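Going line by line, the protein sequences match chains A and B. Per numbering that gives the first Met the number 0, the very first residue in the first sequence carries number 0; after that it's consecutive. Per numbering that gives the first Met the number 0, the very first residue in the second sequence carries number 0; after that it's consecutive.
Bear in mind the hints are in silico, worked out from the structure with no lab data behind them. Each hint should be verified, as a subset may be incorrect.
To be verified - One-sided and incomplete, this derived list gives chain A residues near chain B with beta-carbon spacing under 8 Å:
no.	residue
1	5
2	8
3	39
4	43
5	46
6	66
7	69
8	71
9	98
10	116
11	129
Unchecked claim - Here are the computed lysine-lysine pairs in the DSS-like style, where the Cα-Cα straight-line distance is at most 27 Å:
no.	chain 1	residue 1	chain 2	residue 2
12	A	460	B	122
13	A	11	A	460
14	B	182	A	51
15	A	51	A	182
Bear in mind that the values here come from a model prediction, so they are computed numbers and not experimental data. We put the CB at the ideal spot given by N, CA and C, even for glycine.
Number of protein chains: 2
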Amino acid sequence: MRTSNFLIATQKETPADAEVISHQLMLRAGLIRKLAAGLYSWLPLGLRVLRKVENVVREEMNAAGAQEVSMPVVQPAELWQESGRWEQYGPELLRIQDRHQRDFCLGPTHEEVITDLIRNEVKSYRQLPLNMYQIQTKVRDEIRPRFGIMRSREFLMKDAYSFHASQASLEDTYQIMHGAYTKVFTRLGLDFRPVIADTGSIGGSASHEFHVLANSGEDDIAFSDSSDYAANIEMAEAISPAIERPGPSEEMTEVATPGVKSIEDLANFLSIEATQSVKTLIVKGEDEGKLVALVLRGDHQLNSVKAEKLASIASPLQMAEEADVNKVLGASFGSLGPVGLDIDVIVDRSAAVLANFTCGANRDELHLIGVNWDRDCPLSQVADLREVVEGDASPDGKGTLQIKRGIEVGHIFQLGTKYSEAMKAEVLNENGKSVTMTMGCYGIGVSRVVAAAIEQNHDDKGIIWPEAMAPFQLAIVPLNMQKSEAVANCAEALYANLQSVGVDVLLDDRNERPGVKFADMELIGIPHRIVIGDRALAEGQIEYKGRRDEDSQLIPQEDIVSFLQEQLRS
Amino acid sequence: MRTSNFLIATQKETPADAEVISHQLMLRAGLIRKLAAGLYSWLPLGLRVLRKVENVVREEMNAAGAQEVSMPVVQPAELWQESGRWEQYGPELLRIQDRHQRDFCLGPTHEEVITDLIRNEVKSYRQLPLNMYQIQTKVRDEIRPRFGIMRSREFLMKDAYSFHASQASLEDTYQIMHGAYTKVFTRLGLDFRPVIADTGSIGGSASHEFHVLANSGEDDIAFSDSSDYAANIEMAEAISPAIERPGPSEEMTEVATPGVKSIEDLANFLSIEATQSVKTLIVKGEDEGKLVALVLRGDHQLNSVKAEKLASIASPLQMAEEADVNKVLGASFGSLGPVGLDIDVIVDRSAAVLANFTCGANRDELHLIGVNWDRDCPLSQVADLREVVEGDASPDGKGTLQIKRGIEVGHIFQLGTKYSEAMKAEVLNENGKSVTMTMGCYGIGVSRVVAAAIEQNHDDKGIIWPEAMAPFQLAIVPLNMQKSEAVANCAEALYANLQSVGVDVLLDDRNERPGVKFADMELIGIPHRIVIGDRALAEGQIEYKGRRDEDSQLIPQEDIVSFLQEQLRS
Numbered sequence: 000m001r002t003s004n005f006l007i008a009t010q011k012e013t014p015a016d017a018e019v020i021s022h023q024l025m026l027r028a029g030l031i032r033k034l035a036a037g038l039y040s041w042l043p044l045g046l047r048v049l050r051k052v053e054n055v056v057r058e059e060m061n062a063a064g065a066q067e068v069s070m071p072v073v074q075p076a077e078l079w080q081e082s083g084r085w086e087q088y089g090p091e092l093l094r095i096q097d098r099h100q101r102d103f104c105l106g107p108t109h110e111e112v113i114t115d116l117i118r119n120e121v122k123s124y125r126q127l128p129l130n131m132y133q134i135q136t137k138v139r140d141e142i143r144p145r146f147g148i149m150r151s152r153e154f155l156m157k158d159a160y161s162f163h164a165s166q167a168s169l170e171d172t173y174q175i176m177h178g179a180y181t182k183v184f185t186r187l188g189l190d191f192r193p194v195i196a197d198t199g200s201i202g203g204s205a206s207h208e209f210h211v212l213a214n215s216g217e218d219d220i221a222f223s224d225s226s227d228y229a230a231n232i233e234m235a236e237a238i239s240p241a242i243e244r245p246g247p248s249e250e251m252t253e254v255a256t257p258g259v260k261s262i263e264d265l266a267n268f269l270s271i272e273a274t275q276s277v278k279t280l281i282v283k284g285e286d287e288g289k290l291v292a293l294v295l296r297g298d299h300q301l302n303s304v305k306a307e308k309l310a311s312i313a314s315p316l317q318m319a320e321e322a323d324v325n326k327v328l329g330a331s332f333g334s335l336g337p338v339g340l341d342i343d344v345i346v347d348r349s350a351a352v353l354a355n356f357t358c359g360a361n362r363d364e365l366h367l368i369g370v371n372w373d374r375d376c377p378l379s380q381v382a383d384l385r386e387v388v389e390g391d392a393s394p395d396g397k398g399t400l401q402i403k404r405g406i407e408v409g410h411i412f413q414l415g416t417k418y419s420e421a422m423k424a425e426v427l428n429e430n431g432k433s434v435t436m437t438m439g440c441y442g443i444g445v446s447r448v449v450a451a452a453i454e455q456n457h458d459d460k461g462i463i464w465p466e467a468m469a470p471f472q473l474a475i476v477p478l479n480m481q482k483s484e485a486v487a488n489c490a491e492a493l494y495a496n497l498q499s500v501g502v503d504v505l506l507d508d509r510n511e512r513p514g515v516k517f518a519d520m521e522l523i524g525i526p527h528r529i530v531i532g533d534r535a536l537a538e539g540q541i542e543y544k545g546r547r548d549e550d551s552q553l554i555p556q557e558d559i560v561s562f563l564q565e566q567l568r569s
Numbered sequence: 000m001r002t003s004n005f006l007i008a009t010q011k012e013t014p015a016d017a018e019v020i021s022h023q024l025m026l027r028a029g030l031i032r033k034l035a036a037g038l039y040s041w042l043p044l045g046l047r048v049l050r051k052v053e054n055v056v057r058e059e060m061n062a063a064g065a066q067e068v069s070m071p072v073v074q075p076a077e078l079w080q081e082s083g084r085w086e087q088y089g090p091e092l093l094r095i096q097d098r099h100q101r102d103f104c105l106g107p108t109h110e111e112v113i114t115d116l117i118r119n120e121v122k123s124y125r126q127l128p129l130n131m132y133q134i135q136t137k138v139r140d141e142i143r144p145r146f147g148i149m150r151s152r153e154f155l156m157k158d159a160y161s162f163h164a165s166q167a168s169l170e171d172t173y174q175i176m177h178g179a180y181t182k183v184f185t186r187l188g189l190d191f192r193p194v195i196a197d198t199g200s201i202g203g204s205a206s207h208e209f210h211v212l213a214n215s216g217e218d219d220i221a222f223s224d225s226s227d228y229a230a231n232i233e234m235a236e237a238i239s240p241a242i243e244r245p246g247p248s249e250e251m252t253e254v255a256t257p258g259v260k261s262i263e264d265l266a267n268f269l270s271i272e273a274t275q276s277v278k279t280l281i282v283k284g285e286d287e288g289k290l291v292a293l294v295l296r297g298d299h300q301l302n303s304v305k306a307e308k309l310a311s312i313a314s315p316l317q318m319a320e321e322a323d324v325n326k327v328l329g330a331s332f333g334s335l336g337p338v339g340l341d342i343d344v345i346v347d348r349s350a351a352v353l354a355n356f357t358c359g360a361n362r363d364e365l366h367l368i369g370v371n372w373d374r375d376c377p378l379s380q381v382a383d384l385r386e387v388v389e390g391d392a393s394p395d396g397k398g399t400l401q402i403k404r405g406i407e408v409g410h411i412f413q414l415g416t417k418y419s420e421a422m423k424a425e426v427l428n429e430n431g432k433s434v435t436m437t438m439g440c441y442g443i444g445v446s447r448v449v450a451a452a453i454e455q456n457h458d459d460k461g462i463i464w465p466e467a468m469a470p471f472q473l474a475i476v477p478l479n480m481q482k483s484e485a486v487a488n489c490a491e492a493l494y495a496n497l498q499s500v501g502v503d504v505l506l507d508d509r510n511e512r513p514g515v516k517f518a519d520m521e522l523i524g525i526p527h528r529i530v531i532g533d534r535a536l537a538e539g540q541i542e543y544k545g546r547r548d549e550d551s552q553l554i555p556q557e558d559i560v561s562f563l564q565e566q567l568r569s
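Bound-form chain A, shown alone (with noise of 0.2 Å):
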């Protein structure tokens, strides 16, 4: 392609509105527009790297025996009410009346429409397993799109929908989707991680989120340092410490703290480590009007998705209101503690082998020192209360766990039968039975995906492509082409060298600065670069610098396709 012939729209400053570097980075460099408040038009550059990931996408999901289908954006209403989501999902949901006023709505996700299709088309366990996807338009009607095409109202999916006669065959297929993925995003050239996700009220036995590891990520991703172990950090186990609780040393003992309310102050106040203390947290219980106290070590995080699991705690999580702490246990927050408490007690499994550790006196302003479990409180329930934090173990006993943010740019999901079930999906067995078919889900955000490569890989110059996903894998930029005969024609025949051995090659033949042109294709992130130039030509010399490289080198011209196809290659 010639610059010359495609539309380059990149801009020096930087948008006002645009909050995260990918947003910036696309709009500078000319991927996207605008065109109103969470809808882009992809510009041609930008469409070249969603069509790179798009193809590999489909390439892995056809390898993995996955079918493309495509359905409809417009959903009849009738699907929506049979699956009970019509009046479940929000206002992201987005409703429409046709011009005979009958309800619409369209597509943030097609579970009910491939149900509905599989349905009328499957009627035997033989037919089965299928696996279909689509790589398709959807809407979400965010009610405050931001980040640009990271959190959209139109965006670009590949869903997949599974169904199978048994759950065993649906374990095979999310672990051949688990595969597809990691190809996916190994050939797209990511740091990225298969993290171990919540499966939240949907239910369903299993999920992983395939997280892009970035500094500004929304979510905070767990995983060791010596296996492939990965977790959203709601997930993240943390395992019981490897030590046996010490036997008690010190004597159980009162102090006044006057004023301290945190752990930080009481450390303060008593010269310890945050480590030698516990912490009680009083929530609400599954029974109405019961509390339950809640024991981390001092420096560590409740973390709020583990708790809630717990039988005998409310689900949603609600932390207790402290006027019924104080007329419940006697005492305020900041002075709580497990000694002489009468409600249920559940205590982390790092607070559980603390010995001679503090805590509050469950009268205000009062701690105690040298308490120990079981001597001077119970130590009835132990479980997994806490947040990771990065050293903890790793749950698989590999290595150490790391804390890094990611961006969420895939999803596998064990759904179980909660469509299949509501909207009648099923098949006759090899014993002529009805049974309900068990289904999987399986998306990838592709337009997010170019945002996600974008914050993972940039530097002040702009975007720094991955091989795979780059507009073009490199520049020719020839230096006052207009006017050397010498430069023109070395460029040319070098862009048309190029091209006839497959590389995917942008010559910059604009009547630019060459200043102007470096700094376009260094913003547009284009991996390898080629300066043709009148002095370096005269000694038979062409400049190279890869987007990554600190400075340039020179390669003799008549090496310099072999040299291009050798680092192209790498």
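Once you've looked at the hints, dock chain B against the given chain A.
Okay, now just chain B, sitting in the frame of chain A:
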């Protein structure tokens, strides 16, 4: 691909609600399924065809220098208000509101969005011409969706829009698009005609429609048997007969014609040819209250598009009320004629060369015979008023006209400044003066092409795909594969072999009776089929049949690959 891994969803019964053959066959062959009125899902088999069409369109658009973009389906009302179409467009424009009660529509077309994009990106004539296209889902809220995907509410369009600093530049791009469309439909293997189309009320200077010829088409296309002249019937010019009008040789005589109301009655009553009579139609004039008489040869039909373009006639064309005709002319319909009229008379070219003709006497139940222009009534205005008929001379002077029905699958249009003027899309010209851009637009109904191809190419067994559109080029049908090792080995080897040389092959490895497999492969329209069975194999032979062939032929096993490659090439 193996049928065991691919959803073959053929049906024996013709669906009751499918009126046209393409709709019936797309359902029966399992290409599409109905989700709701005018909304269809594409099954894997159908999507393969759709993608093949899409890819040919994309390749030819890219080859023609157009740049691919992608614009949102959801469009803000503001832009449509700016162009004036928010009010003008009928209820086919599906208007919706988001959660904040802001107005949007689902795009049936993207003139507003692209004009907005280009007016913001392009500032100088030096950046022009630009031709941007997308291949994208469109929504049109048809009042009565029918004919399957031919007239559906959601469909796949290729829409392109070009921007120019001059009319000459627009005309260049228009010609390039004309050529690109010709290549697209030629490559797709369709019998089509680019026809001169009515530019209608949009104005604009030139327009061509691309029609696939098929008996079920909704439009009549007139085309030369000896040149590439083709026009929509409304636009086909009926040129002046090559003969000169003979001089009068009969006296004008009044004859009583009791009960004669039509030309047919008249011809029977007087035993004359309809070609020797004229009929006189009275329409409303451009000036309020005025009537105009249109005179055509008795066997010809009025073309209202031609008539309403004449200055003295009201547009749209309105026939006069019989009461008004009676009052002004003193006679009823059926007894009208050009003699003695004192309203404007416009005579069709073919009627103007008649001599000694028959016409109404402008008195009820009376006609005149032996009438001659000039001698009996003035011949002041002659115009092309009629529809062409088969056998007319082609307007380009080459050959005679044929008329066939066509399905519109593409449309190219010189828009001019309709949108760019309303939306102030301007550039600076070479003199630094602001000028309004001139635009063209170019559409292909990608999903419609699939249906049109079937309308043109089918028989009583099913679809007959043109090679370039076939979901698979070739089907291997092994007989009794599950029991015969020889058949299984031969089928698998050939499958692998053909795939390795790039043939898009379907191996029907289902455990079904031969008759079921044959019927399915014919119904879904695979162009080439080979059958592998024990009996022929024992004699070293494999059976081949092209989808249009009457009989199959036996090919020696060792020659089969080269034979098939030869068939696929031709």
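Each hint tested on the structure:
1. 5: Since the shortest Cβ distance to chain B is 6 Å, the answer is holds.
2. 8: holds (5 Å)
3. 39: With a closest approach of 7 Å, the residue 39/A hint holds.
4. 43: holds (4 Å)
5. 46: holds (5 Å)
6. 66: Status holds, d = 4 Å.
7. 69: Holds, about 4 Å.
8. 71: holds (4 Å)
9. 98: Since chain B brings a Cβ to about 4 Å from residue 98/A, closer than 8 Å, the hint holds.
10. 116: Hint holds; residue 116/A Cβ to chain B Cβ min 6 Å, cut 8 Å.
11. 129: Since chain B brings a Cβ to about 7 Å from residue 129/A, closer than 8 Å, the hint holds.
12. 460/A - 122/B: holds (25 Å)
13. 11/A - 460/A: This hinted pair holds, its Cα atoms lying about 11 Å apart.
14. 182/B - 51/A: holds (26 Å)
15. 51/A - 182/A: Holds - the C-alpha atoms of residue 182/A and residue 51/A are around 15 Å apart, at most 27 Å.
Hint violations for this structure: none, all hints satisfied.
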